[in-house]
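Protein sequences, first through last, are from chains V and U.
For the first sequence, the positions run 1 to 352 when this note's numbering is used.
For the second sequence, the positions run 1001 to 1200 when this note's numbering is used.
Don't take each hint at face value.
[What the hints assert, rightly or not] For each label pair, taking beta carbons as the anchor points, the in silico distance ranges come out as:
| no. | chain 1 | residue 1 | chain 2 | residue 2 | range |
| --- | --- | --- | --- | --- | --- |
| 1 | V | 194 | U | 1172 | 36 to 42 Å |
| 2 | V | 163 | U | 1160 | 16 to 22 Å |
| 3 | U | 1158 | V | 105 | 45 to 51 Å |
| 4 | U | 1025 | V | 183 | 34 to 40 Å |
| 5 | V | 77 | U | 1059 | 27 to 33 Å |
| 6 | U | 1021 | V | 70 | 29 to 35 Å |
| 7 | U | 1025 | V | 72 | 31 to 37 Å |
| 8 | U | 1169 | V | 190 | 56 to 62 Å |
| 9 | U | 1160 | V | 72 | 27 to 33 Å |
| 10 | V | 77 | U | 1075 | 29 to 35 Å |
[Claimed, not checked] Straight-line alpha carbon distances no greater than 35 Å define the calculated DSBU-like cross-link-like pairs of lysine-lysine that follow:
| no. | chain 1 | residue 1 | chain 2 | residue 2 |
| --- | --- | --- | --- | --- |
| 11 | V | 172 | U | 1175 |
| 12 | V | 172 | U | 1160 |
| 13 | U | 1149 | V | 181 |
[Claimed, not checked] A few chain U residues facing chain V, derived, Cβ under 10 Å:
| no. | residue |
| --- | --- |
| 14 | 1030 |
| 15 | 1034 |
| 16 | 1194 |
Just so you know, the hints here were simulated from the structure itself, not pulled from any lab data.
Cβ atoms here follow ideal geometry from the backbone N, Cα and C, with glycine treated the same way.
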Amino acid sequence: MTACTATGRAGGPRGKSSLAISLVRIRLALGALIFLAIAGTAPAIAQQLAPDGAPNPTASGVNQQTLLREEPRITGYIDIPDTRASVLIQPAGRTWDHFHEVTLHWFGAIVIIGMIAVLGGAYLIVGPLRISAGQSGKKVHRFNAFERFSHWLTAVSFVVLGLTGLNITFGKILLLPVIGKDAFSSLSQAAKYMHNFTSFAFVIGLVLIVAMWLKDNIPRKVDIDWLRQGGGFIKSKHAPAGRFNAGEKAVFWIALLAGVAVAASGYMLLFPFYVTNILGMQIAQVVHAVIAVLFVAAILAHIYIGTLGMEGAFEAMGTGEVDLNWAKEHHDLWLRDQLAKEHQPAASASAD
Amino acid sequence: MARMKFLCDAERCIDCNACATACKNENEVPWGINRRRVVTINDGEPGERSVSMACMHCTDPPCAAVCPVECIFPTEDGIVLHNKDQCIGCGYCFYACPFGAPQYPRVSDFGSRGKMDKCTYCAGGGGPEAPGSAAEFAKYGSNRFGEGKLPMCAEMCSTKSLLAGDGDVIGQIYKERVVQRGYGSGSWGWLTAYHEDVEV
């Protein structure tokens, strides 16, 4: 570095052709190497003198633009124990501001309103999927009380988390102008605490769901058939499925992966700076927001198909029992096993 | 109307931390809250520079933009104030702030944050409290600005490294210094905060 300063002062390579400059650079590099070898023995201080012979205090000085070109954040030593304070300047804060105020607003609005529009269109054009053979009146047991509890624990906490989370991003656009700043602030304060504490219920629900249903959600060959047959949306075709069809498996895996992602990033935000620095916090927020928006959109589709979109589907999670004909149409392989299981003990009981 | 800014001349800063101490004393800032701090770059190496940093009272302040409850706002003097009654302690202003200015008292379990606290340019608070009142002091600290005075940190600076006041005036002072002594490491943070630098 000192060698460059020396030649720079001596007239340097400015104003020459690019070929000449590159030749000069090669020579400079060689020269610098030789110089450094010599400089090991001779004092290099001589290079830092100002033209008048006085020590030049800026010869090795730092400059913020140079530092910011080298690194995205200028960090230094501080006299206080708060390590966060050692970051002097991080222009990325303005980048994160742009993500949060522009990118996220557009992305969130397009994904969520887009999903609502698609589902609304499906309801208006396709309508609810009826049971072709009609209700049989006979019921088959599908989910036990604990399974339903786990599902609804996750579901209710998800809705609470979704609404309170969306409030942080969209509340000031949609709700603040309606109810005023003070009321909105009180509401958001409560929403923040609800969001923080409900997260634990969501994680417990998610763990239970995964523990109970993982083995039935492992992708199998039948899922390809199910997809090929139009996934039960085409009435003329029959889509075969076990306990969970490929669509439900997709919801399971989305919930598992997105749930882990939002929980991990969310706990980083809930315990700020425990495990990461300012960059990590910004990334955690971006991951949390983007995954959460996609998760909300996916769950909107799940809610639609489980309620309005399909006759007989809600009962599975409502009473835990489904209509025999519904089970025949949507989960034939599971129904076969289930009936066999139900008849087995009955047969052995009558044999006694 | 004057546009209030801070400028730290790193060639003059001696890392004495008098600015941080003056701030704490003037505003009776609680433990763990550091509205102003001194960061030393290249500590112990050639080219070491210390810079005193607090809220720069940015143009187009990113903290105000990201605030989910819109409790942060710039005044007509360009001072960025906030209303602690409305703050929900989400911490977003800290992620957006290029200078690490927002501070949060730890109030409860986990990492839960209390109402944000930051440099007010010694200009009181952005809440409904009467300017110069005891209620305002308790919540936000001193309101020297209302009395026509500049922030205590800059006023206390023994080497006049930290300058506060009208951006044009302090920019001119810095420019003259650089011209006279022949060097300067730049107006730290200005480009990020105000979208402009002091051209020398």
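Checklist entry - Do the beta carbons of residue 163 (chain V) and residue 1160 (chain U) sit within 16 to 22 Å of each other? => result violated, 53 Å
Checklist entry - Quick one: are residue 1169 (chain U) and residue 190 (chain V) within 56 to 62 Å, going by C-beta? => result Violated, at about 46 Å.
Item to check | chain V contact restraint for residue 1034 (chain U) - C-beta distance below 10 Å | outcome: holds, 6 Å
Item to check | Verdict for residue 1021 (chain U), residue 70 (chain V) (Cβ pair) under range 29 to 35 Å | outcome: holds, 32 Å
Checklist entry - Is 27 to 33 Å right for how far apart the beta carbons of residue 77 (chain V) and residue 1059 (chain U) are? => result holds, 29 Å
Item to check | Status of the given 36 to 42 Å range, CB of residue 1172 (chain U) versus CB of residue 194 (chain V) | outcome: violated, 52 Å
Next on the checklist: A range of 27 to 33 Å was offered for this pair. Does it hold for the Cβ distance of residue 1160 (chain U) and residue 72 (chain V)?
Outcome noted: holds, 31 Å
Checklist entry - residue 1025 (chain U) and residue 183 (chain V), beta-carbon distance inside 34 to 40 Å? => result holds, 37 Å
Checklist entry - Taking only the CA atoms, is the gap from residue 1149 (chain U) to residue 181 (chain V) under or equal to 35 Å? => result holds, 31 Å
Next on the checklist: Checking one constraint from the list: CA of residue 172 (chain V) to CA of residue 1175 (chain U), max 35 Å. Satisfied?
Outcome noted: Since the Cα atoms of residue 172 (chain V) and residue 1175 (chain U) sit roughly 42 Å apart, the hinted pair is violated (cutoff 35 Å).
Item to check | residue 172 (chain V) paired with residue 1160 (chain U) [C-alpha distance capped at 35 Å] | outcome: The given pair, whose Cα atoms are some 42 Å apart, is violated under the 35 Å limit.
Item to check | CB-CB spacing for residue 105 (chain V) and residue 1158 (chain U) relative to the 45 to 51 Å hint | outcome: holds, 47 Å
Hint violations for this structure: numbers 1, 2, 8, 11, 12, 14, 16, all remaining hints satisfied.
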